[in-house]
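Assemble the dimeric complex from its two separately framed chains, guided by the hints.
Protein chains in written order, with the numbering used here: chain A, 23 to 281; chain B, 25 to 287.
Simulated from the structure, these hints should not be mistaken for laboratory data.
If you're wondering where the values come from, they're calculated on a predicted model, not measured in any experiment.
Virtual Cβ for every residue (Gly too), placed ideally from N, Cα, C.
It is possible that some hints are incorrect.
Unchecked claim - Here are the computed lysine-lysine pairs in the DSSO-like style, where the Cα-Cα straight-line distance is at most 30 angstroms: (1) B:201 x B:141; (2) A:51 x B:153; (3) B:70 x B:273; (4) B:231 x B:273; (5) B:284 x B:70; (6) B:63 x B:275; (7) A:33 x B:53; (8) B:162 x B:232; (9) B:162 x B:234; (10) A:34 x B:162; (11) B:48 x B:231; (12) B:48 x A:34; (13) B:179 x A:130; (14) B:162 x B:231; (15) B:63 x B:284; (16) A:51 x B:119; (17) B:70 x B:179; (18) B:153 x B:119.
Said to hold, decoys possible - In silico contact screen, one side only, chain B against chain A (beta carbon under 10 angstroms); selected entries: (19) 213; (20) 214; (21) 217.
Claimed, not checked - DEER-style ranges, computed between Cβ atoms: (22) B:272 x A:60: 53 to 59 angstroms; (23) A:56 x B:51: 33 to 39 angstroms; (24) A:251 x B:63: 47 to 53 angstroms; (25) B:60 x A:265: 43 to 49 angstroms; (26) B:161 x A:265: 47 to 53 angstroms.
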Amino acid sequence: MAQEVAIAGWKKWMEDVGEQVGFFARFIKNIFVGGFEWSEFVRQCYEIGYRSLMLVGITSFIMGVVLILQLRPTLVTFGAASMLPKTLTISFVREIGPVIIAIICAGKIASSIGAELGSMKVTEQLDAMEVSGANPLQYLVVTRILATTFMVPLLSLMGDAIGLFGGYLALNLNDHISASLYLTKVIASLDFTDFLPAFIKTIFFGLAIGFVGCYKGFHSSRGTESVGIAANSAVVTASLWIFVIDGIAVQITSELFYQ
Amino acid sequence: MENEKQKAVNEQSQSSPKNETVIKINGLKKSFGSNEVLKNITIDVKRGENVVVLGRSGQGKSVTIQCIVGLLQPDAGSLKVFGQEVAEMSDEELKALRIKIGFLFQSGALYDSMTVKENLEFPLTRVLKITDQAEIDKRIEEVLDGVGLTDAADKMPSDLSGGMRKRIGLARTLIVKPEIMLYDEPTTGLDPITSREISELILNMQKKYKTTSIIITHDMECARITADRVVIMNDGEYIAEGSFDELLKSKDTIVKAYFKDVS
Chain A
23 MAQEVAIAGW KKWMEDVGEQ VGFFARFIKN IFVGGFEWSE FVRQCYEIGY RSLMLVGITS
83 FIMGVVLILQ LRPTLVTFGA ASMLPKTLTI SFVREIGPVI IAIICAGKIA SSIGAELGSM
143 KVTEQLDAME VSGANPLQYL VVTRILATTF MVPLLSLMGD AIGLFGGYLA LNLNDHISAS
203 LYLTKVIASL DFTDFLPAFI KTIFFGLAIG FVGCYKGFHS SRGTESVGIA ANSAVVTASL
263 WIFVIDGIAV QITSELFYQ
Chain B
25 MENEKQKAVN EQSQSSPKNE TVIKINGLKK SFGSNEVLKN ITIDVKRGEN VVVLGRSGQG
85 KSVTIQCIVG LLQPDAGSLK VFGQEVAEMS DEELKALRIK IGFLFQSGAL YDSMTVKENL
145 EFPLTRVLKI TDQAEIDKRI EEVLDGVGLT DAADKMPSDL SGGMRKRIGL ARTLIVKPEI
205 MLYDEPTTGL DPITSREISE LILNMQKKYK TTSIIITHDM ECARITADRV VIMNDGEYIA
265 EGSFDELLKS KDTIVKAYFK DVS
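Extracted from the complex, chain B is given alone in its bound form (with noise of 0.2 angstroms):
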């Protein structure tokens, strides 16, 4: 029973055409005690579509997207991820869904105790399954050949500045071939110049790997380099969306607020 609910969740992402919605949010609401993070999110993601999310800090941008892939429990409202309630599933369907979301972390998130090669190994012995050791070198060496940096192999992160830090944290999660990439803040903390590097990057690799992302920031360089819808959270809820082009001509003093500096 479980296996053939975790066949749905495949079946039903490999069957979706273009323009169809994979995630689909409705009146999704999330509280940590007396406090309201999430109101009332709705939002539709198209297959293929890159949605930026600006917000300020500590509005829940994070929140969202820590529900989809299940690590939050929403209060109320309706979250589908393949048209599949991410509340309802068991761990095994969980499991299945999270296998095609890549979840790239504020920090990168690599794991210290291993090398760049043993993080990259990771998801593919560990959730892939793969014990094929050529297979699992030519992967490597192709997402580390994709973010550029093909050198840093044996390296332990410890050993890598914080840009590089991102770009092997992309490499892993898009190592697996995800269909859908959920970044958290991915320029947090970077120059400008690596910024653009990473926001770059995020662009090649969606257009690559033909993934729908959702990209959490507040840099407007990054959501203007990547999004293809940008949606903007306010106090709980999202207040406008649009394409970054209409966003910049709005009237509204707080979509007006995020663009003021943008030339």
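Just chain A, same shape as in the assembly (with noise of 0.2 angstroms):
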């Protein structure tokens, strides 16, 4: 009995992977074939992006000061409270600011991505889209993982900038540092090998949130219950692709930049 539901259970599971390859297939069919649907995917970067600027600034802002605060007390130990720029700065463009922001993301977009598709499904919309001979993944599915792919990249961006000016305020707290030394000492600290994989990693968070809150809407059962339930699995889900992506990312970095 119990190795029947294990085998049904496994079942389950591989069908899901192969209806998740079979629509991500579709996704890439579809932003090449037929007209590219720019008016929703620039009215998606701004619902995706602009829309999220306040929640990534505020959280951002908040990192970097915590970050200050939290590491001042032990560099200061050691002598080497001149070091916490340097610090800051490497911690939070190769590795904090990016993974924050894309949790961040992942809980507001991938969940309100799955809730619209979902809620979309649950009210026949999308039936009725796809009846009428319209296309329903060129139209919603493909503008917005483009969108999140094009714009979580950019909020990270924004975010590393806040989050290294709430750094500034908080050392001042303590020390006085002078913006220019400050900014002077970040950008000194910071390398090629520093910002890129680490932006390149952003712009896969951003198709991991885009692809499952699609995904998750786009394959909703027809209950009021399954929209809530979409969006649950999108954030749970896209946060979890975001620690693999981001396990892989760190292991090709580390091989290719930093032996």
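Structure follows, in structure tokens:
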């Protein structure tokens, strides 16, 4: 009995993986066939990017402040307070900024896309689009996934800048450091290998957030309860994907640049 | 090759003379898991005909019309529209067919992030690929006038009543001038007066656009107003068919149960 349940579970999981691969293939195909929905893409960039600015900005600022306040006592103990700007910059740009911002975006954007498309499915709007001869994948999925792929890296860049600014203000709570000196230290700390791999992985974070949100919404079942499930499942799955992608990206980056 | 097939669907639909069967269903079966919803559906629908399908909820009335537009795949049987087997159509052929079929959903299924005007523009720009704004505006004005809601263009679907949503849903399907209309319970959830208005609107639109229609309903007043022919569905099969008046006189107990409150 337990074995049958386990086999059924595996079978369902494999079917789900197969469906996700098929959905991704259809997404790629629909980027290139038919006309591209530019106006919807721009609208989604606005919805996804502009409407997330405040949340990402505040979170990044607080993260910058908190990191400095947490790091300072330890570094002061070792007489390395002058290393604070460098430590913050490298940790924020390489890892903390992209991952925290992607997680925030997963919570806000993936859930919103999952709920929106799930609700469209429940109210037969997706079916209506399909039976009219229009292509819901082209209009709803391609635009949303590309918009997240495009906007999450930009949000991440903005978040890095705001986080470092928060760090600067936090440093000045206990020490005095001029803006020009702080900026010089920040820029001097950064290398091509700190910035580019982190930026590239945010593109994949954006892709994962958009894809998971669309897939969960598109494949929700018919009841209203499924809208909540789709939104919740989108956040959980997208967050998990962010950590998986981050793990792979760190491994590749370490192999290539930090050996 | 795909374009030739798509062209064949178009030519077939355009060249069909009156009284030609446009929808031919034979021995259609559909199950969901162990639940056999359609057991043996056989029906022919002729060009310009209004066929009303009556049946209790959960009998698979909507499943039949979802099979016609390819939203669901039948398990067995034949389903031909304009002479072509729907299950064997390629994506392009299915798309060409769907442009010729209007589907009015029970809820209206208006795109709730768009205004009424944007809802009506959507099939014109995305499906028919019309780029001339004057032509788009003319068609929108025409259908809104047809459904009696000329002032609703800038409203959001959430600002509309149930009856208005149905009217706009009807306008959105009619704007592409389909040859076949499928109505999924068009009067469900509406008050008797609005139900009657929608039923009369369906009849008027059918006369104006000369469409072939299948109307799924359990509203007897709607059936009386719109039907050229009524089909009664019971337990996954069509058990009786005829004109409304013929069925009204039927001695069959199941048929009589539907007509017992009709005066």
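Structure-based check of each hint:
no., hint, in the structure
1, B:201 x B:141, "17 angstroms, holds"
2, A:51 x B:153, "20 angstroms, holds"
3, B:70 x B:273, "24 angstroms, holds"
4, B:231 x B:273, "27 angstroms, holds"
5, B:284 x B:70, "29 angstroms, holds"
6, B:63 x B:275, "24 angstroms, holds"
7, A:33 x B:53, "27 angstroms, holds"
8, B:162 x B:232, "17 angstroms, holds"
9, B:162 x B:234, "20 angstroms, holds"
10, A:34 x B:162, "50 angstroms, violated"
11, B:48 x B:231, "22 angstroms, holds"
12, B:48 x A:34, "37 angstroms, violated"
13, B:179 x A:130, "28 angstroms, holds"
14, B:162 x B:231, "20 angstroms, holds"
15, B:63 x B:284, "26 angstroms, holds"
16, A:51 x B:119, "17 angstroms, holds"
17, B:70 x B:179, "37 angstroms, violated"
18, B:153 x B:119, "13 angstroms, holds"
19, 213, "13 angstroms, violated"
20, 214, "17 angstroms, violated"
21, 217, "25 angstroms, violated"
22, B:272 x A:60: 53 to 59 angstroms, "56 angstroms, holds"
23, A:56 x B:51: 33 to 39 angstroms, "36 angstroms, holds"
24, A:251 x B:63: 47 to 53 angstroms, "33 angstroms, violated"
25, B:60 x A:265: 43 to 49 angstroms, "45 angstroms, holds"
26, B:161 x A:265: 47 to 53 angstroms, "51 angstroms, holds"
Consistency note: the structure conflicts with the earlier hints numbered 10, 12, 17, 19, 20, 21 and 24.
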